[in-house]
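> Residue numbers (our numbering), protein chains in the order written: chain A, 1 to 320; chain B, 1 to 242.
Check the hints yourself; a few may be wrong.
To be verified - Derived DEER-like restraints, expressed as beta-carbon distance ranges:
| hint | chain 1 | residue 1 | chain 2 | residue 2 | range |
| --- | --- | --- | --- | --- | --- |
| 1 | A | S83 | B | A145 | 49 to 59 angstroms |
| 2 | A | D309 | B | I6 | 46 to 56 angstroms |
| 3 | A | D189 | B | G79 | 42 to 52 angstroms |
| 4 | A | G119 | B | R167 | 43 to 53 angstroms |
| 5 | B | R167 | A | S188 | 50 to 60 angstroms |
| 6 | B | L183 | A | D37 | 51 to 61 angstroms |
| 7 | A | V31 | B | L173 | 26 to 36 angstroms |
| 8 | B | T191 | A | G119 | 51 to 61 angstroms |
Note that these hints are calculated values from the structure, not bench results.
Built from N, CA and C at the ideal position, the CB exists for glycine as well.
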Amino acid sequence: MAKSGNWIGAKVLGTLAIETQGLVKRFGRQVAVNRLDLKVPQQSVFGFLGPNGAGKSTTMRMLLGLTTPDEGRISIFGRDLKSNRIATLSEIGATIEAPALYDHASGWLNVDLTRRLRGLKRAETDRVLEVVGLTPVGAKRVSGYSMGMRQRLALARALLGEPKLLILDEPTNGLDPEGIEDMRALLSDLPHQTGVTVFVSSHLLSEVEHVATSVGLIYEGRLILQGEVRSLLSAQTRIVFQVNNPEQAKHIVLARGVADVIANADTIDMLVEQDRSGIAAINRALVEGGLEVSAVSVQLNTLEKLYRDTLSSCSQWAPL
Amino acid sequence: MIGMLITELLKLKGSLAILMLLASPFLLFVLAALGVLAGDTIPTWGDLLGSFVSPLWALMLLPMTLTVLAALLAQIEHGSGAFTHVFALPIHRWAVFSTKIAIVVGSILVMSILGFGLALAGGLVGGLLRGVEPLGKSPLEPFSAVMTNIGLAAAFIAVLQAWLALRFRSFALSIGIGVAGTLVALAMAMTRPSFTAFWPWAFPLGVVTSARPDYFALLGLACAVAAFPLAVYDLSRRDVVA
Ligand SMILES: Nc1ncnc2c1ncn2[C@@H]1O[C@H](COP(=O)(O)OP(=O)(O)O)[C@@H](O)[C@H]1O
Ligand SMILES: [Mg+2]
């Protein structure tokens, strides 16, 4: 009760969980992160997507104060990271790249060492192990853990102390399909349960598309696209009408102000705002214009398509 | 700070570091026993501990153990990329590094006490097996003084090796420097004993070879005290790469 009151109360309108301005990180001559302006809303599950080497881990390292940015600012829950590092980190749980675990120690000890450094009660260790389902193997040495168990252990460690922000770098790497499903379920439940914001990276869209409420797409260090999944997807959609006279149909549709129409052998297709009444109106206009409409197909925008389209347009433009 | 020390010590549970900590004092036991058993004549305590056990301790065993221990301690973090995790926690980097270096320095104390006791025990056991006892006056006071001075003189090696081991991911580098440092110290001992005051890995040796053991103890301690904050500062300001 007090807990949920806490996070709702603390949610200041307009305050982002993560905000970066002009973030730059160079390694020698290579620009690993290039003028990044991230905006991660509170209580979102933000999927930070990009191919390998795009700069995801480097960005996350900067968000955790592990790496100093060459340029730019980072603010987390409205506070400047640089001047509030410790206070900010106390609200964050994180896993970066491969789970960094002490192989010679037990799973339980691995979590408990972090629990001690965070100054939390001993019961927290048992709680988070329970959450990720590792209680039965807690006493075993980590050297004998599978990759999936290691990922879960790292997640357990990140959950210590119920952080307000989880930063998870490719948490599904090395998991089997079942493990990926478990991780998904856990991630999508967390924001409702505890009000946490999840910033999760992946190079595979499929791993976050069903849980992410917002996405950011990074390519060669640049943020190509970001926003709420809902608004990114609802922007435009492609519709195909099967008609007996495509050329005539094209004129009718063009006359209605739709710009992007292509006439094919027995179909026309076009890009329109994704809204039902608009599609119905076009259909009516075609019928009233004396055409036979034999089929309509609406190709819904998917994150998958957006990701692919954006990436392919980027690589065409990528300077060499 | 205490909490962090306990955490760091708990982390060693099940690692090789504990073994290292026990192994070299135990070697003193073996050396002392052999020293009594193998000699043509029965050595005095002064010969056994002063001229045989403590030079080996000062020149080889203690510096090498510190080298390996520092590498092991650092490798626990480097090997698993754990610094990335540790430094994403709301704790100060300087506290983490101070604790690590302090543990390496503190291991001198543990090993010296163990070594002291085990060397004496070795001498006694050797005598028991041979049916004699090393001769001469009680070794307790001079031997404890020598072990203390060696320990203090080695404090700088501990800080240096911990610094190197934490600073560079490759354990080959810090171990290589430790070995080379010790070899050079050995060469110095045989050729230019007066140079020992300028070579950190030879400070402990100075305790047993020079006429002024307390000078080397003080030198090691002073250098350690000066180097400690420098090491912590240097380690803390760097980016955490892995
Ligand atoms: N410590 C480093 N030194 C030099 N280059 C680095 C370092 N870390 C990352 N890079 C480079 O920066 C780019 C981005 O890497 P990274 O952030 O790990 O990408 P991602 O996590 O998206 O796969 C890569 O080209 C990588 O080689
Ligand atoms: Mg990465």
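> Decide, hint by hint, whether the structure agrees.
Now the hints, each set against the structure:
no.: 1; hint: A:S83 <-> B:A145: 49 to 59 angstroms; in the structure: holds, 51 angstroms
no.: 2; hint: A:D309 <-> B:I6: 46 to 56 angstroms; in the structure: holds, 54 angstroms
no.: 3; hint: A:D189 <-> B:G79: 42 to 52 angstroms; in the structure: violated, 34 angstroms
no.: 4; hint: A:G119 <-> B:R167: 43 to 53 angstroms; in the structure: violated, 28 angstroms
no.: 5; hint: B:R167 <-> A:S188: 50 to 60 angstroms; in the structure: violated, 42 angstroms
no.: 6; hint: B:L183 <-> A:D37: 51 to 61 angstroms; in the structure: holds, 55 angstroms
no.: 7; hint: A:V31 <-> B:L173: 26 to 36 angstroms; in the structure: holds, 30 angstroms
no.: 8; hint: B:T191 <-> A:G119: 51 to 61 angstroms; in the structure: holds, 54 angstroms
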